[in-house]
Amino acid sequence: MNSIKFLYAAYIATWLIHSLYIGSLVRRYGRLRQQMKDLGRGK
Amino acid sequence: MKRAFPILAVLTALLLVYAFYQALWVAPTDALQGDVYRIIYYHVPSAWTAFLLFFINFIASVQYLANARPSTARAARWIVIAIGIIGFVAPFIPQVKQQLPTGMYPSSVATTFLIITGLYFVIGKYFVDQDLDVLAVTTAEVGVVFCSIVLVTGPIWARPVWGIWWAPGDIRLTSTLVLWLIYVSYLVLRRFSDSAQTQKLAAVLAVFGALDVPLVYFSIWFFRTQHPQPVIGGGGSMDPRMLHVLLISWMAFLCFAFLVCWSRYRLEKLRREVEEAEALESLLEPAGLAGPSSAVKTPLSRGSK
Amino acid sequence: MTNPLTAPRGAPIIAVSNLVKQFGRFTALRGVNAEFDAGKFYVILGDNGAGKTTLLRALAGLTDPTRGEISILGKKPHEASRDLGYMAHPSLLYDEMSGMENLLYFDKLYDIAGNSRCEQAIQAVGLDAELSRPVGKYSQGMRQRMSLARAILHDPKILFLDEPFSNVDLHSAREMVGLLKGMRDAGKTILVVTHQAALLEGTADEFVWMQAGQIVDRTNHLARGHLAPGDAPAGES
Amino acid sequence: MRSFWSIALSTLTKDIRLEWRSKDALNAMLFFSLLVVVIFVFSFDPLAEESRHIVGGLVWVAFLFAAVVALNQTWARELRNQVLDAYRVSPAPANALFLAKAIGNFILVSLLEALMAPLFVIFYNLRVLGPAWQLIPVTLLGTWALVVNGTFFAAMSLRTRSRELMLPLLLFPVSIPAVISMVAATTSILTGDDPAHFYIVLLLTYDVVFTTACLALFETVLQAE
Chain A
1 MNSIKFLYAA YIATWLIHSL YIGSLVRRYG RLRQQMKDLG RGK
Chain B
44 MKRAFPILAV LTALLLVYAF YQALWVAPTD ALQGDVYRII YYHVPSAWTA
94 FLLFFINFIA SVQYLANARP STARAARWIV IAIGIIGFVA PFIPQVKQQL
144 PTGMYPSSVA TTFLIITGLY FVIGKYFVDQ DLDVLAVTTA EVGVVFCSIV
194 LVTGPIWARP VWGIWWAPGD IRLTSTLVLW LIYVSYLVLR RFSDSAQTQK
244 LAAVLAVFGA LDVPLVYFSI WFFRTQHPQP VIGGGGSMDP RMLHVLLISW
294 MAFLCFAFLV CWSRYRLEKL RREVEEAEAL ESLLEPAGLA GPSSAVKTPL
344 SRGSK
Chain C
349 MTNPLTAPRG APIIAVSNLV KQFGRFTALR GVNAEFDAGK FYVILGDNGA
399 GKTTLLRALA GLTDPTRGEI SILGKKPHEA SRDLGYMAHP SLLYDEMSGM
449 ENLLYFDKLY DIAGNSRCEQ AIQAVGLDAE LSRPVGKYSQ GMRQRMSLAR
499 AILHDPKILF LDEPFSNVDL HSAREMVGLL KGMRDAGKTI LVVTHQAALL
549 EGTADEFVWM QAGQIVDRTN HLARGHLAPG DAPAGES
Chain D
586 MRSFWSIALS TLTKDIRLEW RSKDALNAML FFSLLVVVIF VFSFDPLAEE
636 SRHIVGGLVW VAFLFAAVVA LNQTWARELR NQVLDAYRVS PAPANALFLA
686 KAIGNFILVS LLEALMAPLF VIFYNLRVLG PAWQLIPVTL LGTWALVVNG
736 TFFAAMSLRT RSRELMLPLL LFPVSIPAVI SMVAATTSIL TGDDPAHFYI
786 VLLLTYDVVF TTACLALFET VLQAE
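Protein chains in written order, with the numbering used here: chain A, 1 to 43; chain B, 44 to 348; chain C, 349 to 585; chain D, 586 to 810.
It is worth saying that the hints were derived from the structure and are not from the lab. Incorrect hints may appear among the rest.
[As the list claims (entries may be wrong)] With a straight-line cut-off of 30 Å between C-alpha atoms, the simulated BS3-like cross-links for lysine-lysine are: (1) B:K45 - A:K37; (2) C:K529 - C:K423; (3) D:K608 - C:K485; (4) D:K599 - C:K505; (5) B:K168 - B:K312; (6) C:K424 - B:K168; (7) C:K388 - C:K505; (8) C:K485 - C:K424; (9) B:K312 - A:K37; (10) C:K423 - C:K505; (11) C:K529 - C:K388; (12) B:K45 - B:K140; (13) C:K424 - C:K529; (14) C:K388 - C:K423; (15) D:K599 - C:K485; (16) C:K388 - C:K424; (17) C:K485 - C:K529; (18) C:K529 - C:K505.
Same shape as in the complex, but just chain A (with noise of 0.2 Å):
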């Protein structure tokens, strides 16, 4: 039954789908840290 791909096809995009998203939260994060350090720098 091939049926069974999709299921884990939607699993996966599923999770998928949460990492990018998670991904870019880090992402942003990284860049706010690395304005925070600009700040200190350009006094």
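Given chain A, work out where chains B, C and D should sit, using these hints.
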């Protein structure tokens, strides 16, 4: 407070694994669709979580707009109390009772209205002006993520079972698509208008979006009665064991959503703090500082050193 | 509430208490405290970004303060809008309509119709009411004077003028200063934000110096106060 | 209350006079509408039988494009010399300005529709099988649904960066129920197979809900600074 996050993260991970195990092995196989129906354990809880997040966004936006003036804030509170009371009493009235769709009991409708009213006042207590806006951004963004999952897993489920990728007549999936479009336009508006009053404009758009939802539902509902088409997931009642697994995975998804929202919330607060410190620094940088009394101290926030 | 026009000079008509205004991450006003008396002519000076325009727009009710209070004639700016006149560098007029047509429309917004008043306002600023040319074809000096006519159309008690003289020829600028002096003598309160402060030396009652979102100094004469850096005095100083 | 309507009326007559004086914007929009119709005629073969079923959708999508072009111009004149500031300083109520602009847009969009509708009838040689008179309420309610939200979102997108792009992004998602109702109602009237009453009632509800929301929230959008 800092330690709570990792502990919760571990607990949520365990809950997710447990739900995954339940969904794939414990829940009974569906007579008609075989094992592929198990997509429901990810598709439906994601939708419920998304709708809850959008609803919190709506409450936060209404409060943000209402708090502009004390008079409107009081009026908003009274309206919510009135809705709560009417919602609590109405389902028990006989005429209203037989209107309720088969699966819904009056008591469950009454409790949901109670929760809605409670949620309004809880949010009002814990989130004040700026935080309301940060909460609105957070719930909108995370809500769109969960909504995207619903729109991806829906067609993946429809293809093997009904041979079609998209069923326009399916009221739930189409309404979810419209909701997704509304909140993506909400996020685009926030990104495009970097001016100070973005927050007010976004709150106004959130209210418009929420007003739109029932109208979307009815326009598609009538469209469906005229051209009956397959409904993804099939209506009607479910085998109690399946319902049990569904609720478990919803709990797991809610905890996961809570953690994502929490970190996005902290990220947003930090972003605004850093930008304010940056703006302050750029203002005081130029030579114009040589004025007679540079009474202006540089109140750089603690985060900058 | 005694009519400030007849009240003795010096009763405070505008009161600002720790006014803060944040545009998202940028703080334009950082706690402004000030009182302005009726029938006086104030000039607000300072660099770009000192918060002059933001303060004027907040007083005119065009910007809501993030924190702090503004009271005009004892009321909030929005409620006192009938007594406020506002003029800015852009003309705030429709280019395709003639001066008279513009004033007739704006007159309706104040709900006291009557084109006799429009003619008086146009003549008061030294222009010809019969001029049918659209405002778009006016010279900058004429356009600013027509904008002043629009601001004084409903005979407001207070006038807020944001850069009224910028790139206006010297002759028109001097004439407008004369007009404003006349209005101040008639009892109106005038607040002007400008970079050409020298034009108002001898006319203005008080110079208010702003810097980085705060009022840092108030002097009676331009000379005694410190010259705002980069402020080239136009015409003879 | 009398001054509310006299201000709204004078704003409307001013807009109409200005539009009449420089008819270039109006002509450009009429030409745009003509282009939209012609492109539809070339891309959807008028002779094919099934085009009778989709012509309801074609008409309303064409109207939607023409409406967006018109709505984008709503505040153009006020923006040029910051005339909105003069209005905001005056004691005139914000909703008077909103209603005047919305009605002005309604007239303008109706004008564009009045040009496009006969073209569709000619190119697709339409014969209305169902109750033709019902097309009038559907068109009026549908146009108002687009115009009232369009004027509101045009005012909202004044404060954003790329203004012309923002308006459709804000307007289309919220207008989906109205568009569904308009298209379904028009199609069922043209094909005459099922009654359009439900959709007309839904359109009416949509108009009432969103006109109230616009009037309640326009002040916030106009004064947001």
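Hints violated by the structure (listed by number, smallest first): 8, 12
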